[in-house]
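Chemist: I would like the entire structure built from these sequences, with the hints used as guidance.
2 protein chains.
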Amino acid sequence: MLLRERPDARFIFHGRQENLAPLLEEFSELKPVSEIRHSETVITMEDKPSQALRKGKGNSSMWAAIQSVKDGEAQVAISGGNTGALMAMATFCLRPMPGISRPAIAAIWPTLRSDIVVLDVGATIGADADQLVDFSILGAALARALFDMKSPTIGLLNVGVEEAKGNEWVKDAGKILSETSGAGFTYHGFVEGDDIGKGTVDVVVTEGFTGNIALKTAEGTARQVATYVRNALAMNWLTKLGALLASQGLRAIRSKMDPRTVNGGVFLGLNGVVIKSHGGTDEIGYKSALSLAYDMARNQLIDKIGDGISRLKPGEVPDVETVSETPST
Amino acid sequence: MLLRERPDARFIFHGRQENLAPLLEEFSELKPVSEIRHSETVITMEDKPSQALRKGKGNSSMWAAIQSVKDGEAQVAISGGNTGALMAMATFCLRPMPGISRPAIAAIWPTLRSDIVVLDVGATIGADADQLVDFSILGAALARALFDMKSPTIGLLNVGVEEAKGNEWVKDAGKILSETSGAGFTYHGFVEGDDIGKGTVDVVVTEGFTGNIALKTAEGTARQVATYVRNALAMNWLTKLGALLASQGLRAIRSKMDPRTVNGGVFLGLNGVVIKSHGGTDEIGYKSALSLAYDMARNQLIDKIGDGISRLKPGEVPDVETVSETPST
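Chains as they are written, first to last, in my numbering: chain A, 47 to 375; chain B, 47 to 375.
Note that these hints are calculated values from the structure, not bench results. Wrong hints could be hidden among the right ones.
[To be verified] Below 30 Å or equal to it, Euclidean Cα-Cα: the simulated DSSO-like pairs (lysine-lysine) are: (1) A/Lys244 <-> A/Lys221; (2) A/Lys94 <-> B/Lys211; (3) A/Lys302 <-> A/Lys333; (4) B/Lys101 <-> B/Lys211; (5) A/Lys94 <-> A/Lys333; (6) B/Lys221 <-> B/Lys359; (7) B/Lys244 <-> A/Lys244; (8) B/Lys221 <-> A/Lys94; (9) B/Lys244 <-> A/Lys333; (10) A/Lys94 <-> B/Lys217; (11) B/Lys359 <-> A/Lys217; (12) A/Lys217 <-> B/Lys94; (13) B/Lys77 <-> B/Lys94; (14) B/Lys211 <-> A/Lys103.
Modeler: Okay, structure coming up:
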């Protein structure tokens, strides 16, 4: 349980009082550090983002959780709900940070070297060069906050590592990034799909369509190979005996490949942190999402992002006062 | 060796006579069914496509191999060389089939169900809706030729399965495909990245940037998981003993995951078939590429594609005589 490892964590649960109260009664350690906020409206998985906004702005549990971040009551909002609705509400309520045009969803991706950050994995469809540069700032700040590194390496996901490869916006972003310095990251260059699993760089940057497909293709491939291994070890009594003897090693892989241990897509680029947990996960998955949230809050992710933006584009960052007056779309 | 399984196969080797002749002397069964065609110029891995065309058009071994397909001497050309140069030369020499605007590279992808076709994995960067429809025709014809099926299922790779998801060209292609019938395939709808490994459909269609990244991400993930398994089984003497007992099962996975057994990117949409084999492969990898070539030739892939085009867009397919006069770009 998270609270044993991070005893200063505090919780606000948003939802229907009648559902949450009996649940909280079951956890004697959690209850004293928790508070329930009742919301009548609950956003469902079927609500489209625009519907969710109309139906739930101001009065749903999802909105209330995000609002508590905006009001400074909470440092991170976590939801296992509808991703599209959560992104729409988070963007509407928290608004993009000055200097960032659109938020991104970052995944923490286990690799052969260590965990890395991959973004965007689904907030955007298509991106121009400037957005890919924004994603580099955001991803680098997340890597600095989570992995305790000074200048994470950034790779732009492409179909080859040569300068002439890829589409125009990737090439343009590569040119911009190779001219940056002192921005809180080190630009490595282009990386290819197989560089993700190798852990060639600390942060892999791409637009959301490609990133989402890469993420799900990797999940599918991992499941496919795991099935091959399971079937191969169940082939006959000899392989079964072998599997029994090797069970310590096999358990280690299982926990390494457990998608619950790196649960949580981080919404980056808004004035506040929101984490989307897998909806179908269990207490282990939620604990991962909560640990992620805790570490981001303690390591002041938002400040690190702000610092990254002001270092890379000092001219573009308007006065904060002005920005808070600007209506967002 | 391929010749023992497919005794009517015949070979033309293109390259430097002085390099090829001593090699062929070593294979007594191969020599009587083979012929060497000398070319002075050899395209290297460093040549850019445009350079390769200037340097090697008409006089390189790569060009000669493709020309032998155009002349009807060979039914398939196979090269382990420079992919970009091979695609440029193949497109220039063989030209796109009537009704097809741009060629694609198809991969044969092993899944939990069976092998499937995924295209484009790198010939194009970006595609409009019509190109995705062309790729569907091409991929379906390849699936019909290789897997002996009447109406393979087609899925469009997207970030969600709902109609409203994705970018415009994927949505538009989905609309066009859902209105087709009798085109030699069954349109399934959108599929996501993890549907590839599941084998949800027989043919996954996407543009080349995304397809290439999905392919390489999957290769990287498979290698990553294989490394986890290897390390876990080498953990201690007990897991090592277990691995020894389970070796029959583990060998089965190794051959299942061996990238050499599905070696070969198929260039589709040209007036002739060209296969790109992995350059760094060995005799097992080349045998896979050759088997693929043989099966495509015997199952009349080109006729099947032509049939698919004329069924789906009868109006657009001009008279073949006219087309052969049209200069291609």
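Chemist: Please flag the earlier hints that this structure goes against, numbers listed from lowest up.
Modeler: Violated: hints 4, 11, 13.
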